[in-house]
Every structure is written in C-alpha cells, then in structure tokens.
Amino acid sequence: MSKKILLVDDESDILKEISFILQKKGFTVFTGINGKQAIELAEKVRPDLIILDIFMPCVSGSEAGKAIKQQCHLKHIPIILLTASIDNIEEKRLECMADDYVFKPFDYQELLKKIDKLIK
Amino acid sequence: MSEHKYREAESRDYFYKIINSIPDPIFVKDRAHRWVLLNEAHAQMIGIPTEEMLGKTDHDYFPKEEADIFWAKDEVVFETGTENVNEELWTDSKGVVHTIVTKKNLYIDDKGNKFIVGVIRDITDLKNTQEKLKEAKDIQSRFTAVVSHELRTPLAAIRTGVNIILDGLSGPINYEQRDFLEIVKKNIERLSRLINDVLDFQKLDSGKMHFDIKPNDINEVIEEVYKAMHHLVEKKYLKFVLNLDKKIPHFLFDRDRFIQVVTNLVNNAIAFTDKGSIAITSKLEDKFVHVAIKDTGVGISEESLPRLFNPFEQAERQDSGKRQGTGLGLAICKEIILKHKGKIWAESKSEEGSIFHFLMPMEMENE
Numbered sequence: 001m002s003k004k005i006l007l008v009d010d011e012s013d014i015l016k017e018i019s020f021i022l023q024k025k026g027f028t029v030f031t032g033i034n035g036k037q038a039i040e041l042a043e044k045v046r047p048d049l050i051i052l053d054i055f056m057p058c059v060s061g062s063e064a065g066k067a068i069k070q071q072c073h074l075k076h077i078p079i080i081l082l083t084a085s086i087d088n089i090e091e092k093r094l095e096c097m098a099d100d101y102v103f104k105p106f107d108y109q110e111l112l113k114k115i116d117k118l119i120k
Numbered sequence: 001m002s003e004h005k006y007r008e009a010e011s012r013d014y015f016y017k018i019i020n021s022i023p024d025p026i027f028v029k030d031r032a033h034r035w036v037l038l039n040e041a042h043a044q045m046i047g048i049p050t051e052e053m054l055g056k057t058d059h060d061y062f063p064k065e066e067a068d069i070f071w072a073k074d075e076v077v078f079e080t081g082t083e084n085v086n087e088e089l090w091t092d093s094k095g096v097v098h099t100i101v102t103k104k105n106l107y108i109d110d111k112g113n114k115f116i117v118g119v120i121r122d123i124t125d126l127k128n129t130q131e132k133l134k135e136a137k138d139i140q141s142r143f144t145a146v147v148s149h150e151l152r153t154p155l156a157a158i159r160t161g162v163n164i165i166l167d168g169l170s171g172p173i174n175y176e177q178r179d180f181l182e183i184v185k186k187n188i189e190r191l192s193r194l195i196n197d198v199l200d201f202q203k204l205d206s207g208k209m210h211f212d213i214k215p216n217d218i219n220e221v222i223e224e225v226y227k228a229m230h231h232l233v234e235k236k237y238l239k240f241v242l243n244l245d246k247k248i249p250h251f252l253f254d255r256d257r258f259i260q261v262v263t264n265l266v267n268n269a270i271a272f273t274d275k276g277s278i279a280i281t282s283k284l285e286d287k288f289v290h291v292a293i294k295d296t297g298v299g300i301s302e303e304s305l306p307r308l309f310n311p312f313e314q315a316e317r318q319d320s321g322k323r324q325g326t327g328l329g330l331a332i333c334k335e336i337i338l339k340h341k342g343k344i345w346a347e348s349k350s351e352e353g354s355i356f357h358f359l360m361p362m363e364m365e366n367e
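Just so you know, the protein sequences line up as chains A and B, in that order. Per the numbering used here, residue 1 is the first one in the first sequence, and the count goes up by one each step. Per the numbering used here, residue 1 is the first one in the second sequence, and the count goes up by one each step.
FYI, nobody ran anything at the bench for these hints, they're computed from the structure. Note that the Cβ used here is the ideal one computed from N, Cα and C, for glycine as well. One or more hints might be untrue.
[As the list claims (entries may be wrong)] Pair ranges (Cβ atoms, derived): (1) A/Asn88 - B/Ser350: 41 to 47 angstroms; (2) A/Glu91 - B/Asp30: 56 to 62 angstroms; (3) B/Lys236 - A/Asn88: 35 to 41 angstroms; (4) A/Lys25 - B/Arg193: 25 to 31 angstroms; (5) B/Lys208 - A/Cys72: 36 to 42 angstroms; (6) A/Pro57 - B/Ile259: 34 to 40 angstroms; (7) A/Cys72 - B/Glu150: 37 to 43 angstroms; (8) B/Leu133 - A/Lys24: 50 to 56 angstroms; (9) B/Val76 - A/Asn88: 41 to 47 angstroms.
[As the list claims (entries may be wrong)] Here are the simulated BS3-like pairs of lysine-lysine, each with C-alpha atoms no more than 27 angstroms apart in a straight line: (10) A/Lys117 - B/Lys208; (11) A/Lys16 - B/Lys186; (12) A/Lys113 - B/Lys287; (13) B/Lys186 - A/Lys114; (14) B/Lys186 - A/Lys113; (15) A/Lys92 - B/Lys339; (16) B/Lys186 - A/Lys25; (17) B/Lys275 - B/Lys186; (18) A/Lys16 - B/Lys103; (19) B/Lys236 - B/Lys186; (20) B/Lys186 - A/Lys24; (21) B/Lys185 - A/Lys114; (22) B/Lys185 - A/Lys25; (23) A/Lys92 - B/Lys137; (24) A/Lys92 - B/Lys203; (25) A/Lys92 - B/Lys214; (26) B/Lys208 - A/Lys92; (27) B/Lys227 - A/Lys114; (28) A/Lys24 - B/Lys185; (29) A/Lys113 - B/Lys239.
[Stated by the list, open to error] Sample of chain B residues lacking proximity to chain A, with all beta carbon distances greater than 10 angstroms (derived): (30) Arg34; (31) His230; (32) Glu363.
Chain A on its own, in the form it takes in the complex (with noise of 0.2 angstroms):
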C-alpha cells in the first residue's frame, strides 16, 4: 500500500506542483490550504507524514505543528516544514517539535530525499 502523505500550503501553485512530484512517486497525496484543516486531515488521514508550511492565514504551521506533535497518537508523524523565510528556522523547528525543514525556493530532489530518510 502506498505510503500517505498531508501537504499543506497556502500557496496552490506550489500545492498543485509538489502533490504532482509526490504522486508520480507513488504517494497518496492529501491537502490543505491552512494550519485548521492539517489539524483536522492529520486526524483522518493519519498520514505517514506531513509537510507544513509555516506561514498560512488562520493557523499558523508551526501552530498546525505544535498541536500535532502534542497529541499522543499523532506525535509519531514526521512533519517536514517548508517555509520562505529563513530567519530563526531552527527556533522555529524546536518550537514545533517538526523534524526537518526545507527552504523555499527548494529542490524538489532535496524535499524527496528528506520524506525517504523520514518514512524508511
């Protein structure tokens, strides 16, 4: 069975870009556009991991994030951030318990590098 991935960004054009690279991988794909809906998909999906962007209108990722990270039957999740900014990234990491990062504008082939070492 294919391995579930939750991407969540507000922004639709790197949304509709990446969930094309992760399915042409071979993943089952899911997404949300603000920090509320990767609460309430990271609860149904129970995906096998999730990337988060950090700065979205409503709920935050890092928000998104951090409530995640603090329930006990959804801690386990790796969550990958991605974000625009790189200030205080790894404040920002800690801050919400998230596993490892990416940088926008990144490569893609560095993003599938970071799933596979977190869903091996």
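Using the hints provided, position chain B relative to the given structure of chain A.
Okay, now just chain B, sitting in the frame of chain A:
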C-alpha cells in the same frame, strides 16, 4: 595704574576674550558647587546672563531631579578626581529637553582649593539624527525580509514547475525545449542567489547575522569546499591545488560562514580563470592563520582593487562579460572576516591572475 597692574588687567582681558570665543559652553565650579566662571556660550545655552549665575548652583536654576544628578556627578569628580563623561538630559528655560555631554576635570589651585572645570556639548541634534537613522535601518531591514520572503515564494513555484518538466515527470520534451528550460533554470538559480546575498548582506550590515563560533579545523573546511567544487574546476580544465599547513590547530570561527567565504572566493577564481590553476593555501603565521586563494585568470585592474570589497562593485568591473554574480559576494566575505576580527585583501596583476588573502586571529575570545 602701575605697569604690573596694567599687564595683569590686560592678561585677564585677553583670557576672557579667549574663553568667550570658544563655541562650547565652559564652566568652573568651586567646592561648594557654585559657578565661579562661565563663558558666553554657556550663557547662550542656558539663556541666563553670566553675571546672574555666578555664585549660584544647579539647584537655583534647574529642576530638582536634574540638579541632583548634576550635583552627585560633580561630587564624584571632587572626591575621586576622575573625569566622568556621559550623556545627561537637561531642560532649558523654555522647557525643551536637550541631551548634553559634559567633560569635566578636577583642578586644584596653589592653595589646595578644588574646582571642577567642565565643557558642555549639546548633542541633541546628533541624537535625533542617530534615532532617525536607526529607524530607517529598521525599516530597511524589515523591508528586505518581507521582499525576500515574497520573492522566494513565487520563485519556489517557478523552480519546481521548471524542474518537473525538465526531469520529464510531465512527459518527454524535445532538445530545444530542454535547452530553453535550462536557461530558465540557470536564471532562477541566479535570482535565488541574489535574494540570498541581499538578505545575508543586509543581516551582516545591520548586525543581525547569527554567528555560531566554535573551535573548528580550517583545513577541514577548505577540504570540504575543495571536494564540493572540484567538478566545477575540472569542467574548465583547470588544475585545483591544495597546500595546507597541517600544524594549524583548531580555532574559534563559524564553520558555515567560512565555507561561504572560501566557496565565494573559489567561485570567483573559477569565473575569472580560463587556463592554468586555482590554488588554496593555509599557513600558520604567528598568532594568525593565513589563507590564500590564487588563480591564473584575467586579474583585476589596479584601479578596481581598492573598491573590490564594496557592495555591488562588480557592476563596475564587469569587463569580461562572463560574470553572473550579485556583486555582493566579496562584500559579504569582508563582513564575515571582519566579524571574526580578521582581515581580507586582494592582490592582482591584469592578465596574470589574482590572489585573495584573509588573515584570522587564533585567539578571538581574548579580544
């Protein structure tokens, strides 16, 4: 009037003329904190005639809380003889608050009487300018951060889209399509580098760059850059040589920032060299580590050398048409080396090549 008295009066007159022509306010206070001498600049600043103030103290003219501070500070000078220079707030007769700096000295006359001799400087305008400059820098810093964030996001979409097509994920493309998409890709990389450089430079310039200073091995850093860039040097059929001094011990520096410096200098060497070699040497020289990156490239003209490390300088020395950098690379290198209390410079002869040197102190923690 006797000759002696005449000369004394003349000399006193001369003395007052001199101190009244000094543009900064000057005062002398006796041990009871009473003004015993004031110049005209002082009267102008305070707005009260000198004759009226002589024999009085700060408490006769200024708000109590200000006068208490002046009094206490003067007392320190009377007791310790040490000059204390610091900024003070002073409210003038119109209620306007000024920032002043007073430089004081203890003077003891032949009979052992103590006096304070002081010079006041009103730095209110300077302070206001500094505040405005700081505000402007903060706005610039926020602006750069927001702009770079807003540029990165669309760039991410463009880069990923192009890579999807180039990598054939969306189906095969022909040779010509690939050729043009490679141009798009190359320019996306260039734009990304520019955004990163602008942000790095802005952070260094505003002192907001975080440095992770730890004991590190400089040779290991150079070897890492060598490994990462070897293929780029070979692609141009150049020799890549390392001459490392194995006696250099670990010393304190930010590893990632140094990789950035060496990578930048090697990148430049590759860009400006079409035949010959690129060599990196490291050497322990007394309490310093000397690193040099030497190439056999086009060199830099004598006129350009002094301006080389200025930001955006490259635009002016773009003579070969090959350069695709941001013009911030060397300015960033310089800032990083300066933050490590080091020194960076270049020597070059047109058409013979260039050598970029940097010198790093081994004991930065003691400074």
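Hints and how they fare:
1. The hinted window of 41 to 47 angstroms between A/Asn88 and B/Ser350 holds, with their beta carbons roughly 45 angstroms apart.
2. Hint check: A/Glu91 to B/Asp30, Cβ distance near 58 angstroms, so the stated range 56 to 62 angstroms holds.
3. The hinted window of 35 to 41 angstroms between B/Lys236 and A/Asn88 holds, with their beta carbons roughly 39 angstroms apart.
4. Between A/Lys25 and B/Arg193 the Cβ separation comes to about 28 angstroms, which falls inside the hinted range of 25 to 31 angstroms.
5. The hinted range of 36 to 42 angstroms is satisfied by B/Lys208 and A/Cys72, whose Cβ atoms lie roughly 39 angstroms apart.
6. Between A/Pro57 and B/Ile259 the Cβ separation comes to about 37 angstroms, which falls inside the hinted range of 34 to 40 angstroms.
7. For A/Cys72 and B/Glu150, the hinted distance range of 37 to 43 angstroms is satisfied, since their beta carbons lie about 38 angstroms from each other.
8. Distance hint for B/Leu133 and A/Lys24: a CB-CB separation of about 53 angstroms, consistent with the stated range 50 to 56 angstroms.
9. B/Val76 and A/Asn88 have their C-beta atoms about 43 angstroms apart, which keeps the hinted 41 to 47 angstroms range intact.
10. For the hint linking A/Lys117 to B/Lys208, the alpha-carbon distance of about 33 angstroms lies beyond 27 angstroms, and the restraint is violated.
11. Proximity of A/Lys16 to B/Lys186 is assessed by CA-CA distance (about 23 angstroms); at most 27 angstroms being required, the pair is judged to hold.
12. Of the pairs offered as hints, the one joining A/Lys113 and B/Lys287 is violated, with about 43 angstroms between alpha carbons and a cut-off of 27 angstroms exceeded.
13. A threshold of 27 angstroms between alpha carbons decides the hint, and for B/Lys186 with A/Lys114 the separation of about 24 angstroms falls inside it, so the pair holds.
14. Restraint check for B/Lys186 and A/Lys113: the C-alpha separation of about 22 angstroms stays at or below 27 angstroms, so the hint holds.
15. The straight-line distance between the Cα atoms of A/Lys92 and B/Lys339 is roughly 26 angstroms, inside the 27 angstroms bound, and the hint therefore holds.
16. The hinted pair formed by B/Lys186 and A/Lys25 meets the criterion: a straight-line CA distance of about 25 angstroms does not exceed 27 angstroms.
17. Proximity of B/Lys275 to B/Lys186 is assessed by CA-CA distance (about 24 angstroms); at most 27 angstroms being required, the pair is judged to hold.
18. As the CA atoms of A/Lys16 and B/Lys103 are separated by approximately 68 angstroms, the hinted pair breaks the 27 angstroms bound.
19. Of the supplied pair hints, the one linking B/Lys236 and B/Lys186 holds, its CA atoms being roughly 18 angstroms apart against a limit of 27 angstroms.
20. A threshold of 27 angstroms between alpha carbons decides the hint, and for B/Lys186 with A/Lys24 the separation of about 25 angstroms falls inside it, so the pair holds.
21. Pair hint B/Lys185 plus A/Lys114 holds up; C-alpha atoms about 22 angstroms apart against a cutoff of 27 angstroms.
22. Of the pairs offered as hints, the one joining B/Lys185 and A/Lys25 holds, with about 22 angstroms between alpha carbons and a cut-off of 27 angstroms not exceeded.
23. For the suggested pair A/Lys92 and B/Lys137, the alpha carbons sit about 25 angstroms apart, so the restraint of at most 27 angstroms is met.
24. Of the supplied pair hints, the one linking A/Lys92 and B/Lys203 holds, its CA atoms being roughly 19 angstroms apart against a limit of 27 angstroms.
25. Between the alpha carbons of A/Lys92 and B/Lys214 the distance comes to roughly 23 angstroms, so the proposed pair stays at or under 27 angstroms and holds.
26. Taking the CA atoms of B/Lys208 and A/Lys92, the gap is near 17 angstroms; set against the 27 angstroms cutoff, the hint holds.
27. Proximity of B/Lys227 to A/Lys114 is assessed by CA-CA distance (about 23 angstroms); at most 27 angstroms being required, the pair is judged to hold.
28. With a C-alpha separation of about 21 angstroms, the suggested pair A/Lys24 and B/Lys185 falls inside the 27 angstroms cut-off, and the hint holds.
29. About 33 angstroms separates the Cα atoms of A/Lys113 and B/Lys239, which puts this hinted pair outside 27 angstroms; it is violated.
30. For B/Arg34, the non-interface assignment is confirmed: its Cβ lies about 57 angstroms from the closest Cβ of chain A, beyond the 10 angstroms cut-off.
31. Every CB of chain A lies more than 10 angstroms from the CB of B/His230, the least distance being 20 angstroms, so the non-interface label holds.
32. Distance check for B/Glu363 against chain A: the nearest CB is about 28 angstroms away, which clears 10 angstroms, and the non-interface claim stands.
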